[in-house]
Amino acid sequence: MAKEYNFQEIEKKWHEQWTKWHTYEVSEDSARKKFYVLNMFPYPSGAGLHVGHPLGYIASDIYARYKRLSGFNVLNPMGYDSYGLPAEQYAIQTGQHPEKTTYANIDRYREQLDKIGFCFDWSREVRTCDPGYYKWTQWAFQKMFGSYFCTAAGKAQLIEQLIAHFEEKGTEGLTAACGEELAFSAEEWKAMDEKEKSQTLMNYRIAFLGETMVNWCPKLGTVLANDEVIDGVSERGGYPVEQKKMRQWCLRVSAYAQRLLDGLQTIEWSDSIKETQKNWIGRSEGAEVQIKVADSDVDFTIFTTRADTMFGVTFFVLAPESELVAKLTTAEQKEEVDKYLAYVKSRTERERMIDHTVTGVFSGAYGINPITGDKCPIYIAEYVLSGYGTGAIMAVPAHDSRDYAFARHFNLPIIPLVEGADVSEESYDAKEGTVMNSPMEGKTSFKGFSLNGLSVKEAIAATKKFVSENGLGRVKVNFRLRDAIFSRQRYWGEPFPVYYKQGIPCMIPEECLPVELPQVENFLPTESGEPPLGNAQLWAWDEANRKIVDKALIDEKTVFPIELFTMPGFAGSSAYYLRYMDPKNGEALVSENNAQYWQNVDLYVGGSEHATGHLIYSRFWNKFLFDLGISSKEEPFQKLINQGMIQGRSNFVYRIKDTNTFVSLGLKDQYDTTPIHVDVNIVKNDVLDTDAFKAWRPEYETAEFILEDGKYICGWAVEKMSKSMFNVVNPDMIVEKYGADTLRLYEMFLGPVEQSKPWDTNGIDGCHRFLKKFWALYWDKEGQFTANDSEPTAENLKSLHKLIKKVSADIESFSYNTSISAFMVATTELGQQKCCSRAILEQMAVLIAPFCPHIAEELWEALGKTTSVCDAQWPELNEDYLVEDKVKMPIQFNGKVRFTMEFPADASKESMIEAAMNAPEAAKFLKGMQVVKQIVVPGRIINLVVKPE
RNA sequence: GCCCAGAUGGUGGAAUUGGUAGACACGAGGGACUUAAAAUCCCUUGACCAUUGCGGUCGUACGGGUUCGAGUCCCGUUCCGGGCACCA
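Residues in the first sequence are numbered from 1 upward in steps of one, following my numbering.
Since the hints were derived computationally from the structure, they do not count as laboratory data.
Every residue, glycine too, gets a C-beta built ideally from N, C-alpha and C.
Some hints here could point you the wrong way.
Below are the DSS-like pairs computed for lysine-lysine, each with C-alpha atoms no more than 27 angstroms apart in a straight line [to be verified]:
no., residue 1, residue 2
1, K684, K737
2, K100, K551
3, K135, K802
4, K33, K927
5, K757, K834
6, K219, K197
7, K244, K292
8, K443, K292
9, K865, K802
Computed beta-carbon distance windows for the label pairs [what the hints assert, rightly or not]:
no., residue 1, residue 2, range
10, W122, S591, 16 to 22 angstroms
11, D355, W122, 51 to 57 angstroms
12, E719, H409, 41 to 47 angstroms
13, E556, G629, 36 to 42 angstroms
14, E754, R32, 38 to 44 angstroms
15, P509, K457, 55 to 61 angstroms
16, P938, R898, 16 to 22 angstroms
17, G629, K219, 41 to 47 angstroms
18, V477, F446, 23 to 29 angstroms
From just these sequences and the hints, can you work out the full model?
Put into structure tokens, the structure is as follows:
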């Protein structure tokens, strides 16, 4: 029988056993309550896992195992997000085909993951680049193409219903989310040819082909979604991004903006991530007002959230990209306007973001304020964005800082509208105060409308009401959330199941899916944006024979070109949680039975960096599938835990300038030194292994050291874990040296799951020592198994049940670090008690199983069990064992602890106060004093407030 | 600029939500065992004063406040992290 805690042997044994027993494979079992735990599946990047990656997986694994022990049927799947830019960029950098590198990376990931002892059901693995998987990505896209969003019903409906509406009434009474407001009659609809009809419907489809401004990244050779662009450069690679008008597939995410916002109230996510999504969705309620252009029959619409300030409008501003610019510009101003437009066009997105200097030009035209009747000049300026609202604003310099800066620059009038607001130096933007000058004294306004004397908030409401009642405009809600650009000019992604018949996009029939990614010789992207799929020879659709054929056969009558774009990275990751419920189903994305059983994800664990990407798209995608009746819950992820990042802890050596001599940290200030990153793997407790350092790199072979106390002490700093900082710690190495159970324990012991923290291998010894101590509860020094049938003592039971109480509560609240502390305390206690009771030791093994499954199995087996510890029962808490018969209470006088006393647990407040006052220690505090207040918090404190008599 | 979340020993972090701050662990110092090392075990470890004994004072970023009592609640300030940002 084993004596030493031989983790290597134990972990190998149980990994094999679990595979043999299919321990972690689950099936739908309507007799048992389900619980769905999910990790954000990884991109299999080339660098492999570092010690930070498994953090979230370990946290969710503990929860999954705990839930399983508590009697739930737990689904805990894993897979790979293997399509998209990261995988492809890696392939390009290493000069290999993305398919090859992706599969190699997946194997490497799997190997690493397997060492850590997760309870993943690998029989349900999905890979987004697998045709059997992306068939359903393509299928969902086609469903979106075949749907529109009905604003009256608040949900997606079949496009056929919209067509029927057009046939009958044209756009009259239409309630559909759309790109632009169109108006046509039934006759006009019927008179359209196929192409015009197709184009018209694109304005309503949820997946649509649109001519829009996109983020074009020439270096990556593709367009990017808004969340893939950060500070004007690409998230991946940091390459410049420019605005370009292109024909692209888009998803009408904006139609779901309100539902995406409302849904946040129904889910258990952190406030910060909800806040981030709220900001990203950016709802703002305001009014759209029609503005007539003087001496012309043109009019335009502005959007404002400050309807109350209409009396302070002194000019209007159009976005340079607005179609109105050409219509309004007068002949005299044309030259100047053109010059300005050319200037704006020359500026990159990044320049526009950083540089906020005031620029603009007068169009020559005047707009008429519908309430005051005043004629105000119309300007064109880049500070107004074409993509938001209507691309036109009314400017109120007194109460908007941007308008203020513009007015000052162009010497335009500023009319204050709030009593007491000083606008001589800056605008008054706050929505507070009493309204004045609305209208100004002696002036009249439309229908005698006046806001004077109201508070700003009342004035906003009153103006909205007035504007809509008098047909001057309407109340309107705007969202910052834009439609998602859904196509990429890259190779490594899902192909679109679309072909072009005389230029009209048509769907490849559902039965013919998936449309598999064709092999191409050259998959590199091009700066001009020619998609790599253009290099595919077998890439044409034979409509009659319903198959993919050589594109040489294209004849525009029966054989048509297939779409060359591919889908973006978020396509495959948007509904993968549904596929795990039924991963091998060839007939449906997920069967009704399985969707009903598993419902939605109960616990989702992943990084907060996906807040405005994946977590928005997924919610949108799921809502769409919910409208179709596929998904059984409106929100995909009920509870979300964002694990923090594990940062690296870098070490430094200090080289004296122009030498090869290195000086220890404490002495470095005496020299002129340069800090140099040193590999953390040759440093222990900040002490450098100098021999290893000499061997590390050739240039250090002759290195000399100035030591302190015979040691070379390194400096340290917390930085991102990355190869270039030499602070990457590989989990494989930790598993080899300490075992997976120690790794799991230590990752959780490091601190709260949701917090970012630096990795420091040094502390790991403490966790490893604990496991050895835990082991020693079962095996004594002579290698004898200690458990026997002796009755547990009251002390034993108390230690155990204290632990049950703490661990159960801590797992539920993801406070794993404190429950590990509790394990350490309980183990020490039981060790001191020399506890040999089988009843206690069995429960201890079950309690540790979620954290350290391997050692738990080994001990469970040693206890004579023949089934896996995973199938045991979570111990039940019996509070009776925790009841104290005596309580120690600190006695305070005037809020300060003076001494402590012991009382029977059931002592009354009065008797305790009396005893405290009669205690000999109390005498000096009571001398010449009288008690004015007595406070007793049972089990906590007794406080007597005294005052001189 | 707006919004959100933080700040506790040399280090990672606890504190039952207003009740003895610093659990647990690392590191450090001292000791035991050993020829020696490793491993293991024991003691000390927030600061300062007193250590001839119990002990005392100050301490949770800073400044105020509420309270018998504040790391925890309120007001103000500083610093770090995250989100949004010419969004009308």
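Here's how the hints hold up against the structure:
At most 27 angstroms may separate the alpha-carbon atoms for a hinted pair to count; K684 and K737 meet this at roughly 14 angstroms. For the hint pairing K100 with K551, the CA-to-CA distance comes to about 26 angstroms; that is within 27 angstroms, so the pair holds. Between K135 and K802, the direct Cα distance comes to roughly 52 angstroms. Violation of the 27 angstroms bound is thereby established for this hinted pair. Our distance criterion of 27 angstroms between C-alpha atoms is broken by K33 and K927, whose separation comes to about 65 angstroms.
At most 27 angstroms may separate the alpha-carbon atoms for a hinted pair to count; K757 and K834 exceed this at roughly 37 angstroms. Restraint check for K219 and K197: the C-alpha separation of about 36 angstroms exceeds 27 angstroms, so the hint is violated. Between K244 and K292 the alpha-carbon distance is near 31 angstroms, which puts this suggested pair outside the 27 angstroms criterion. The suggested pairing of K443 with K292 holds, with an alpha-carbon distance near 20 angstroms, which does not exceed 27 angstroms.
For the hint pairing K865 with K802, the CA-to-CA distance comes to about 25 angstroms; that is within 27 angstroms, so the pair holds. Look at W122 against S591: about 21 angstroms separates their beta carbons, and that is inside 16 to 22 angstroms. Distance hint for D355 and W122: a CB-CB separation of about 53 angstroms, consistent with the stated range 51 to 57 angstroms. Checked against the hint of 41 to 47 angstroms, the pair E719 and H409 passes, with Cβ atoms roughly 44 angstroms apart.
For E556 and G629, the hinted distance range of 36 to 42 angstroms is satisfied, since their beta carbons lie about 38 angstroms from each other. Hint check: E754 to R32, Cβ distance near 30 angstroms, so the stated range 38 to 44 angstroms is violated. Distance hint for P509 and K457: a CB-CB separation of about 56 angstroms, consistent with the stated range 55 to 61 angstroms. Here the CB-CB span from P938 to R898 is close to 19 angstroms, well matched to the stated 16 to 22 angstroms.
Take G629 and K219: their Cβ atoms lie about 43 angstroms apart, and the range 41 to 47 angstroms holds. Between V477 and F446 the beta carbons are some 25 angstroms apart, a value that agrees with the proposed interval 23 to 29 angstroms.
The structure shown violates the earlier hints numbered 3, 4, 5, 6, 7 and 14.
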